[in-house]
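A.B. asks: In the order they appear, the protein sequences are chains V and X.
In terms of our numbering, the first sequence opens at residue 1 and continues consecutively.
In terms of our numbering, the second sequence opens at residue 1001 and continues consecutively.
Keep in mind that the hints were calculated from the coordinates and are not lab data.
Quick reminder that beta carbons are idealized off the backbone N, C-alpha and C, glycines included.
Mixed in with the good hints, there may be bad ones.
Far from chain X, some chain V residues (derived; all Cβ distances over 10 Å) [to be verified]: (1) P14; (2) I21; (3) L35; (4) M57; (5) F66; (6) L112; (7) I120; (8) S122; (9) P143; (10) A193; (11) K198; (12) T213; (13) G240; (14) G266; (15) L282.
Cβ-to-Cβ under 7 Å is the rule here; a few derived chain V residues that face chain X [claimed, not checked]: (16) M23; (17) S29; (18) V30; (19) A98; (20) F102; (21) F106; (22) S113; (23) T197; (24) F199; (25) F200; (26) L246; (27) A283.
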Amino acid sequence: MKTSKSFLFFCTFPALALFLIFMAYPTISVFVMSLYKWGGYSAAKTFVGLNNFRALMEDDRFIGSFRNSVILLVLVSIVTLFLALWCANALTREKIRAKGLFRVIFYIPNILSAVVIAAIFSAIYDPSRGLANSLLSLVGIEPVMWLGNRSVVIYSIAIAMIWQATGYYMVMYMSSMSAVPHSLYEAADIEGASRKTKFFSVTLPLIWTNVRTTLTFFIISSINISFLLVRAMTGGGPDGASEVFLSYMYEQAYTNSSYGYGMAIGVVIFVFSFALSALVNLATRREIVEL
Amino acid sequence: MLAISVAVPVAWVFMASLKQNSEFYESPWKLPEGFNFKNFTDAWYDANMGTYFINSVFVTLMAIAILLAVALPCAYVLSRFSFRGRGIIKALFMGGLFINVSYIVVPIFLMLVGLNRSLQVTFFLNNHFVLALVYASTALPFTIYLLQSYFATLPRAYEEAAYVDGCSPFRTMLQIMVPMARPSIITVILFNFLSFWNEYIIALTFMTDDVMKTLPVGLMNLMKAQNAAAQYGKMYAGLVIVMLPTLILYILVQKKLTEGMTVGGIKG
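If we strip away everything but chain V, and leave its shape as in the complex, we get (with noise of 0.2 Å):
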């Protein structure tokens, strides 16, 4: 269709440049100042190359959060990949009651501010007052610093991201099970599969695009998922403990005044994430069943 160049502009202006100058612009400026030692809010600026990423090697506190990211995405990961499966398979095959009562449910975690999730985990977590601690002495453990311990600090804040994480990516893979055709399952059920064999031959190769899919959300959104909560909730404490990547980054570049040094940490995140997810996309690479 044709129409008048002055309506094609007026309607894809204001987009475009509050695009650009909230969105491009910043993260242009990103890899641009990542080059630069920039401290405090003096205009003084000065370019010392890849000298940043020299000093990043050499920081203890980035290893180490470098280290709980890591250790964060594979955990939280994998359990939320294994729960989700295992509770959007079980709804969808199995006979039960309310499941749509069941879905609601799941998904709430997912509706609620980080915030709301820091605040719960950090009730929970409380030593005295808290559920965790009380559930522990029912069965008779002595109560653990779930936040205040150096070593726990990072597992708890696991669990709170595999609670908030496992009722998205159920939803998600219900949706794509329920499209995978009834007699598939009759066929199997004639030749006597088992339900376990149901699941590893027939679901999850009709579902790998959609899991495949998700392998990707995992690495980006549990970046970013463990810093809103680590911000909220322990805010890198004990004593840097529980510090991840963009709490670092975000420690540096807002609270220490360095920007330069806080933006190179972003560029380190930000080329491992992609690759990661370049790697995971290629190591899952199966042929499509398709139908």
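Chain V is fixed; fit chain X onto it per the hints.
C.D. replies: Chain X in isolation, oriented as in the chain V frame:
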């Protein structure tokens, strides 16, 4: 079993929000002794959650209004007309889908600080309109993507009829195409309402004045304060204030989804 593990923490917070301060020293499983709404009035007035609530409503509504006003025409034009630069614009927005707000919050902050300094004003920080503008901008790629693919499914016959009747492209868009895109607009509003209402990193960074803060940031303050001052009820009440609107919306939407949001097209 798993459904319980999701539901229990949420229900527990609602219960705890009704407890008196002394009850928090007893077992956390005990039901509240009565309906103690003092926590809510404390949170609403003393902890400023009332102000934050109004701020949040204001910012969320404004951001959604800006977003729709900007994204609808752009999505419509991109899906309907072929012109030079269309491919580039589409590719830009697609690329924007991969930009995570957490990465760019500091550069945006620095840009606003720089604007303030070079123009000798304090306009750009602690400003709800600027916050809403940033929210709307960060939601653009997803929103345009969604609206554009919906517009593409609508039949062209309507517009051709309008064109024959001498209707201007602007009026065609506003009075014919936008009402037809209602289902997708509703989806856009729902998703973005949730993300704007729940967002806290941008708000935390941009809103340094206490009276300008939004609800999630206010809740963070309450979390810190309760550790120091042992006022637990207030924190739980604050939690309920933040999550209740999203829960109510969610329950309403559940119904709406089952009703089905099909809008009539061309018949016969």
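A.B. asks: Would you assess whether V:P14, listed as outside the interface, keeps its beta-carbon beyond 10 Å of every beta-carbon in chain X?
C.D. replies: violated, 5 Å
A.B. asks: Against chain X, with CB atoms and a cut of 7 Å, does the hint on V:A98 hold up?
C.D. replies: It is violated, given that the least Cβ distance between V:A98 and chain X is near 9 Å, above 7 Å.
A.B. asks: With chain X as the partner, please determine if V:F106 meets the hint condition of a C-beta pair closer than 7 Å.
C.D. replies: This interface hint holds because 6 Å falls under the 7 Å limit.
A.B. asks: Decide, holds or violated, for the assertion that all CB atoms of chain X are farther than 10 Å from the CB of V:L282.
C.D. replies: For V:L282, whose nearest Cβ neighbour in chain X is about 18 Å away, the distance exceeds 10 Å, so it holds.
A.B. asks: Taking 10 Å as the cut and beta carbons as the points, is V:A193 off the interface with chain X?
C.D. replies: About 26 Å separates V:A193 from the closest Cβ of chain X, which puts it past 10 Å; holds.
A.B. asks: With 10 Å as the threshold, tell me whether V:L112 passes as away from chain X on beta-carbon distances.
C.D. replies: violated, 6 Å
A.B. asks: Quick check on V:F102 please, does its C-beta sit within 7 Å of some C-beta on chain X?
C.D. replies: Holds - the Cβ of V:F102 comes within 7 Å of chain X, reaching about 5 Å at its closest.
A.B. asks: Against chain X, does V:I21 keep a CB gap of more than 10 Å to every residue?
C.D. replies: It is violated; V:I21 is separated from chain X by about 7 Å at its closest Cβ, not greater than 10 Å.
A.B. asks: Hey, is V:I120 genuinely clear of chain X, shortest beta carbon separation above 10 Å?
C.D. replies: violated, 5 Å
A.B. asks: Quick check on V:L246 please, does its C-beta sit within 7 Å of some C-beta on chain X?
C.D. replies: Interface hint status for V:L246: holds (5 Å vs cutoff 7 Å).
A.B. asks: Identify whether the interface hint at V:F199 stands, where standing means a beta carbon of chain X within less than 7 Å of its own.
C.D. replies: Violated. Min distance 17 Å.
A.B. asks: Is it correct that the beta-carbon of V:L35 has no partner in chain X closer than or equal to 10 Å?
C.D. replies: The assertion about V:L35 holds, with a minimum of 14 Å to chain X.
In summary, the structure is inconsistent with hints 1, 2, 6, 7, 8, 14, 19, 23, 24, 25 and 27 from the numbered list given earlier, while agreeing with the others.
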